[in-house]
Every structure is written in C-alpha cells, then in structure tokens.
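K.L.:
One-letter residues, chain by chain:
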Amino acid sequence: MAMVDEPLYPIAVLIDELKNDDIQLRLNSIRRLSTIARALGEERTRKELIPFLSENSDDDDEVLLAMAEELGVFIPFVGGIEFAHVLLPPLESLCTVEETCVREKAVESLCKIGSQMKENDLVESFVPLVKRLAGGEWFAARVSACGIFHVAYQGCTDVLKTELRATYSQLCKDDMPMVRRAAASNLGKFATTVESTFLIAEIMTMFDDLTKDDQDSVRLLAVEGCAALGKLLEPQDCVARILPVIVNFSQDKSWRVRYMVANQLYELCEAVGPDCTRTDLVPAYVRLLRDNEAEVRIAAAGKVTKFCRLLNPELAIQHILPCVKELSSDSSQHVRSALASVIMGMAPILGKDSTIEHLLPIFLSLLKDEFPDVRLNIISKLDQVNQVIGIDLLSQSLLPAIVELAEDRHWRVRLAIIEYVPLLASQLGIGFFDDKLGALCMQWLQDKVYSIREAAANNLKRLAEEFGPEWAMQHLVPQVLDMVNNPHYLHRMMVLRAISLMAPVMGSEITCSKFLPVVVEASKDRVPNIKFNVAKLLQSLIPIVDQSVVDKTIRQCLVDLSEDPDVDVRYFANQALNSIDGSTAAQS
Amino acid sequence: MWKQILSKLPKKSSSKNHSSSSSSTSKSSDNGASKSGNSQTQNAPPVKPSADSGFKEGNLKGNGNGFTPYEALPGFKDVPNAEKQNLFVRKLSLCCVVFDFSDPTKNVKEKDIKRQTLLELVDYVASPNGKFSETVIQEVVRMVSVNIFRTLNPQPRENKVIDALDLEEEEPSMDPTWPHLQLVYEILLRLIASPETDTKLAKKYIDQSFVSRLLDLFDSEDPRERDCLKTVLHRIYGKFMVHRPFIRKSINNIFYRFVFETEKHNGIAEFLEILGSIINGFALPLKDEHKVFLVRALVPLHKPKSLQMYHQQLSYCITQFVEKDCKLADTVIRGLLKSWPVTNSSKEVMFLNELEEVLEATQPPEFQRCMVPLFRQVARCLNSLHFQVAERALFLWNNDHIENLIMQNRKVILPIIFPALERNTQKHWNQAVHSLTLNVQKIFNDIDAELFKDCLAKFREDESKEAEIGAKREATWKRLEEIGNQKQKSSL
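Going line by line, the protein sequences match chains A and B.
Per the UniProt record's numbering, the very first residue in the first sequence carries number 1; after that it's consecutive.
Per the UniProt record's numbering, the very first residue in the second sequence carries number 1; after that it's consecutive.
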C-alpha cells in the first residue's frame, strides 16, 4: 500500500502510457481520457491536458481515431459550453491527417461541439477554424472543411455568412477532384442552413458548376444533391433549376451517373411534384429502364414499384408496364432479380383486373426463371399479391417452383426457401401445406448441410406456432420422433434439436408424454455427442415441465449421465444438475 | 443457296451511296460526344449510342433499314501516290464505325473488313511517307478517339450469382473488341512515336482532354489494353513536354482517389511503371514537387488491401527515390511504419522486402533517425506466428550493409529486439525461425558479449516483474478514478 502515498500526476500517467510500445495500452489510455480529465479538474484539463493532446497527433491512426471520438464528448470535462472552444485546436489538427477515418471522425466531433457552442464563440473561434481549414495547403484540410460549414454558418453574422458562402463556392471549384467531391457531397447539408434568397442566387450556381464537372465522380455526388436541394426550393424554382439537370443527368455519358439517377429518381419526383413527374420524369425513367448498361437497369428496375406509386394506374400501365415486360426477360439475371424483388408490390397499385391481365403473366414467367434468385424473390413477396388476387391463380406454378428450389444444389438457395416456408404456409393454408410441403420439411431435416438441418428444425417450430400444437402433434411430431432410430448420429442429434425448439411451443403435457421418453432413451446412446446434447436439452426442459417430472425423470437421467466415462458428458450433466438445484433453491 | 443470294442482295443495292452513310450517322452523335472537346470532331459517328437510344446492336443497325453498306476500299498499292493520302483518310473514316462484339455472329464480314483496313493503316503509318499533314493527324486522332474512348463496362456483380461460386479464381476480363482495339492502339502508338509527326501540330489534337480520357481508360479490366495504354502514355509523356505536369497531376489525383476513397482501380501498376521510369530521369537535386509526390502519393499507396497488385512497381519507385537522395530514407521508412499491416501476413512480407531494399540505400544518419520505431516493428515481426514473416525479418541480418548499420547502433537496437529474440528461442513453433534466431543472437553475442549479458539480465528482470507492472498500472488508473470521483464530490 506504499504506492498510495506516492504523489500522482495524472498528465504524467497519460504521457507515460502514450509512450508505451504496445498500441493496445495506448488505445486504452486514450479511451480513459475522461478519467484523467476528472482527476485533473476542469481548469487543468483546459490548460494542460488539451494542449498536450494538440501536440500529440503523431500517433498511429487507430489511436488518433479514438482521440477524435473522445474529444467529441469532452465538453463536460473542460467546464461546459463556454469553454468548448478549447477543444477545437486538437480536433483541427486531426482534421488534417492523412487517414480518412480519422478526419471523418474529427469532423463529426467538431460538428457535435460546434452545434452546441454559443453564437459569439462560434464567430470567435469556430468560423476562423473553418476558414483556416478551407484555405489549407493540403487537400485533407479542405476536404474536412466542407463537412463543417453548415455548423459554422448557422450562428454567424451576415458579413461572415457572405464570406463563408464565397469560400464554399471556391471549394466547389477547387483544383483537386477530392475537394470538389467533398464539396458536392456536403452541398445539400450546407444549403439547408442558407437563407432562401441566397439559395437560388449562390448555392444553385455552385450546384450548376458541380453538375458540369468533367469528372464523373463529382457529377455523381451532385446527383445525390439534387433531391436534397429540390426539397429546399419552392416547387416552381425546383422545376426550373433542378428538373433540367436531372433530365440531363439521366442521359449522362457515364453509366455511373445514370445509375445514380436511377437510384435517386424516386426522391427527385417527390421534389418536383406530380405534374412534372408525369411530363418530364416518366420519359427519363423509361429511358433508364431501357438503358444500355445492365447496372443502370438493375437500379431502375429496383424502383419500379416506388415509382409507380407516384403515378396513376393508367400512366403506369401505359408507360411503365411495357418496360417491365421487357425487363422480365432481360438478358441479365440481376436485372430480372431486382425486378422480381419489387414487382409483386405493383399488384396493389394496379388493382385486381390489371394485375391479372398484365402482371400475372410476368409473375409466372419469373417463377420459371432459370436463376433461383429470381424465383426466390417472387416467392418472398407472395403476401402482397395474395391480398389483391388471391393465391389460387399462382398456386399451380408455385408448387413446382418451390419443389425445385427446395432441391437446389446450392445450400444457400435451399436455406432461403426454408425461411419462406412459414410465410408460404400462412398464405397457402393448411390444406395446401399438408399435401405438398409437409414432406419437404421433413426431408430438409436430413439435409447434408448443417445450416439447412438447423433451419429445418427452426422451421418446424415456426410451423407449430403458425398452425398450433394440435396440428403439429398430428403432422410434425410423429415424423420427427421416427428419426430417432436413424443410424447416423447427426440425424439423431437433429431430433434433439427439434425437440428443444418445439417443446416450449407444444407445452408441458406433450413434452412429458411424447418428448421426454425419447430424450431419456437417447441418453443411452453410444455417441457421447448425443449424450451431452441430451444433458443440455434436459436443462432447457426444466422450466417447461412440472417440478415432479424434474424430480422423477430428469434428475435421475442426469445423475446417470454425470457418471458417464466421457468428460464432456459429465460436464454438461453436472451443469444441468446445478441448474435444477439452483431453481429449487430459488423457489424455497 | 438462298442465304448466299440474300446476303448479296443488300450489298449490291447500296454500294453507291456509301459515302453518304458516314455523314448521316454523324447527326445522331451530338449528345454522345458533346463534351469531348475538339479532338473528336463533330463528324464522328457515335462511339456507343448515347444512353437514351437504348439499342444494343452495333451502329450498323442504327440507320433503320437494317443494313448499311460497308465495303473494303482499294489497297494503297493500287492507287497512284498522289491519291494515297486521300485514300488514307477515307480508310480512317471507314474505321470510325464501331461494331458490337458482344455477339460474335453479327457483322462478321464487316468486322473482318475493318480489321484488314486497320492493318493497312498500321503499315501506312509505319512506312515513311514524309511528314504527316495536319489533316492526317487530326483524322487519326479522331478515328482513335471514336474507337478507344468508350465507357468501360462495370465489373460483373459480386457473387450474388450462385453459379459464379465456381468462378472464384478471378480471371481478368478480356475485351471482346480487342482484335480491333489492338490495331487502333498500334496506329496511335506509331503516330506518336513516328519521327514524321510534328509535335507542335499534333498537340492541337493530342490535347489535355485527349490525355485525360486516355488516363480514364487505365481502369480497363483488360491487361492487354492497359499494357498498350502504358506504352502510349509513356511516349506521350516523353514527346509532349507541355503535357508532363498535367499527366503527373492527373495520376496523383487518381492515386488519391484510389487510396483515400475507393481502393478500386485496375491500372495502378501501369501508372507506377511509367512513373518508375519518370522518377529515374529526375534531375538532382530533387524538386520539392517531386518529394511531395513521394510523401503524399507514393507512400500512402502502401495502405490499400490490393497492394499486392502493384507492390513490385511501387517498391521500385520508392527505392529509386531513396537511391537518388538518401536523405529521404527515414521519411520513407516512417511512412512504411505508419501503414504497417497488422493482420495481413502476406502484405507484411512485402513490406519487409521493400524495407530491405530501402535500408540497402540508407546511410547511418538517416538510419539513426528512424531506428527506434523501426526496430520496435521489426521486433514484432520477429515474433510473428506466421513463420514467413518471422523468417523474412530475420533475413535482414543476412544483408551486410544492414547488418553493419545494426551493429554500429547495437546499444540502441539490441535492447529493443532482445525480448523478441529471446521469446523466439524459448517458444517459437517453427524450426527454421528458431535456428535463425539463435544465429542472430550469436552475432550479437560475438560482437558485444557484455551488452548481450546486460540485455539478458534486463529481460529476466522485466519478465519477473511483468505481473507486478500490470497490477501497478491497474492500481494507478483506479486511483485516478478515485481522485476524479472525490473532486466531483467536493465541487458539488
């Protein structure tokens, strides 16, 4: 205890720890910065700790990242909001390091701090910091600057605001594409803080510059800004300024830009309103749906339903449906797959008659697609169609599709279809299920791949929940219990797994009468893995069954297992016994 | 029989209006080529139908009637000399039609005519005919632009395709257009390399926009194309002095984007190969601009995951710098240390290889400036559980120059690496690492037994205190926490 008497200098501890060769120790001490700060007190934190950190930006990026994060929540330790400005210098230097993650975190922390600062503090210390970074010699500083303008702008004077806008427009024309990209991606955020008078006059000019950039990577980010800016503008301005840009972008020579438009078009439509959507954006969207580049068609196809929701059914049938028909036999399976994942959603929009007339043939052809992804995507959204036209029209094509997927040679496909079985069961009803799917569910339990067997067991539980214990008693339990004599121990193990999942659903009575005897029998298996799984399973059954059953059957079985020659069996048996004792102790 | 007759029909009926066809296609190209500057003149047929037209066939079908005349022109030897240039230009415009290669059965005959014509053009450009006239240069550049400047196909989607699981071994994708592209590149290369080309005239057409689009093509997935581009760009850099700063700046920007944003680019190795020879030619003393390039572009290139794709070329560039100016050694070494891989062993081996090459050119003053952090890292590598990493680190002692540097500074270095060496001899699983370590220990022991003994004693002492130090650290933090709590209480 002699150590306690030594005087302790918190800063010295930190300096010492940060010198350590082991990066984990340095990280730990940065993570405990708040401890040091509290030990120092607010004033010395401001005067000693923070200046020390400002100079210590030469560590590994991982340590700097941690520092940038900690500083973002450091205001309480330096004495509250009025002292927040002391945190700016270390973060400023972190904004200029090479590593992107560190810079981004520092920007995030600066935004957190800046948004809490008082107006005059902002003017005095935050705005100058923004200006310094924006004028930085190296692109890292200028990139970081782009991300904090919106914080600085809100609370400052008109003169400074003018200056900040001018600086930002400078960044939009920066020599380095890196900086222009940062300016483009932050323009929307900055614009939300700018007064509407300057929005048209200045921000839109910057935006126009960016949309004409010769680097497609910059234009790409400008597209993203379209929607954000569009929402800020008055509808008529939006139509006048944003719409032509979007239409232009949808014919950009770079497919990446067109791809972005395809992804964003839906939001842009909301910004320009329904009228322009009909007259200008529908043609643009149709163009994208028929783009040369598969990637663009994928993006466009994925938005078909959302887009149609904005239109009236006639327009959708007239303009969009022909494209959808083409896409359903597109040469790229990814396009078909994207289409399949959303197309069921069109049914409620088009209504029953049009769905039967136009969509049903498409559904059916996609259900027969050669690629399993496409079929799966259709099946996964079955409920949406069921509500509109009922499932009968589909069920004939459905079953072959399901059976084929259930036996697909790729286990991931089988896994995916198993996950949809409960959905199918609820949509198709008990009758259909009993006839066709029941056998499949049992077949999966004996799959070659563990994940499939596991999913199959889980599936039984979900089916029991869906159709109730009585039905399960009839259709699932006997088949499962039959497998307990399977010569392969992995399959016997699956029985235990299925029991453990189904027991809570089936309830105490069935568990005692049907499951427990099988489990006890299994405890005499010759494979140790089965036996310790029995022990684990028995432990999980304890809360389900009556205390008398525990005392009479389970305990005895576990005691036997706890004397097994195999160490693992003994271990799990003892663990289960302990939990019995624990629960009885708690009850008494 | 019928097929033969049919295939002859359209050709006969259309052979007259051939000359009009190229101008009729030109009008539709306006929006496709509007941004491309003057090197691709308005006359060009569309490279690829612009986004809106939506058809995916070759341009031949664009004109509506399903077949446009496409016929071979007479050979150069069949016309009088005076006619040759005229014919050359006509052949060039013939080659401005771009065919769809995604369907190999389509336009087979026309494709072959174009290939033959391109071959003739290659020969023509290569044979001395006197200075190339401005029209010739302009037309060649136009033809080249139409053919090579296309949007690169996106990479096939990641393994969402279940059947693609078998294709895990990533094969470079080959551009089906290559039979034509190759010849087009050949023509461009010969034009640029030819002594008959007047640089002053040519730079009007091989302008910044042309170069910039050429740089974009380096992202091509086809290694054959990148190889051609490499040669072409290198020649342009050599011949067109005006473009040099622009080329360097643009490559820099591509590097920055690659390192700090996307980590995706296919042409980094090719760029570095060109830069390697450019750096080789830098005059001494090095300009600041070039040193900045080393520190801010080349050194960070060690970070991306795909380093393996271009490490050889990068390492060459770096060592070129250090060999030119040995004062840069410690900057480079510190840079390497900063992006030293933590879990990627194969990358770590590459770093160690490069480190050895850099150290080879390092002089004692620079070595001393960075040796402490350097040997902390080396110590970690010595203890690596991946035997190749440990082995590679131990091989540093096989290099005489490096061994000398180490031995001269053994008073600093041995204490840093001693624990690592000792731990290896005690419990490294790999036999080779084990014996190599013993060897290194022996070198130290032979040269300075006294120091060795001290280090051993210190190691034993530290080892016995390890638990204590850990406990003390915990206690210190605990006390700090208590002090903090007390302060908070008293201030309330």
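Bear in mind the hints are in silico, worked out from the structure with no lab data behind them.
These numbers come from a predicted model, not from an experiment.
A virtual CB, placed ideally from N, CA and C, is assigned to each residue, including glycine.
Mixed in with the good hints, there may be bad ones.
Stated by the list, open to error - Which stretches of chain A does chain B cover? Using the computed rule of at least three CB atoms under 8 Å from a CB of chain B, they are:
#1 173–185
#2 220–228
#3 264–275
Unchecked claim - Only pairs whose alpha carbons sit at most 20 Å apart, straight line, appear in this in silico SDA-like list of lysine to any residue:
#4 B:Lys-472 with A:Tyr-489
#5 B:Lys-303 with A:Met-442
#6 B:Lys-338 with A:Arg-26
#7 B:Lys-338 with A:Leu-27
#8 B:Lys-487 with A:Glu-42
#9 B:Lys-303 with A:Asp-60
#10 B:Lys-338 with A:Lys-173
#11 B:Lys-489 with A:Glu-43
#12 A:Lys-231 with A:Ser-254
#13 A:Lys-19 with B:Arg-376
#14 A:Lys-173 with B:Lys-489
#15 B:Lys-472 with A:Arg-32
#16 B:Lys-249 with A:Glu-98
#17 A:Lys-19 with B:Arg-473
#18 A:Lys-212 with B:Arg-213
#19 B:Lys-472 with A:Asn-20
#20 B:Lys-465 with A:Glu-43
#21 A:Lys-173 with B:Lys-465
#22 A:Lys-47 with B:Gly-484
#23 B:Lys-458 with A:Asn-20
#24 B:Lys-487 with A:Asn-56
K.L.:
Please list, smallest to largest, the hint numbers that this structure does not respect.
P.N.:
Failing hints, ascending: 2, 3, 4, 5, 10, 12, 14, 20, 21, 24.
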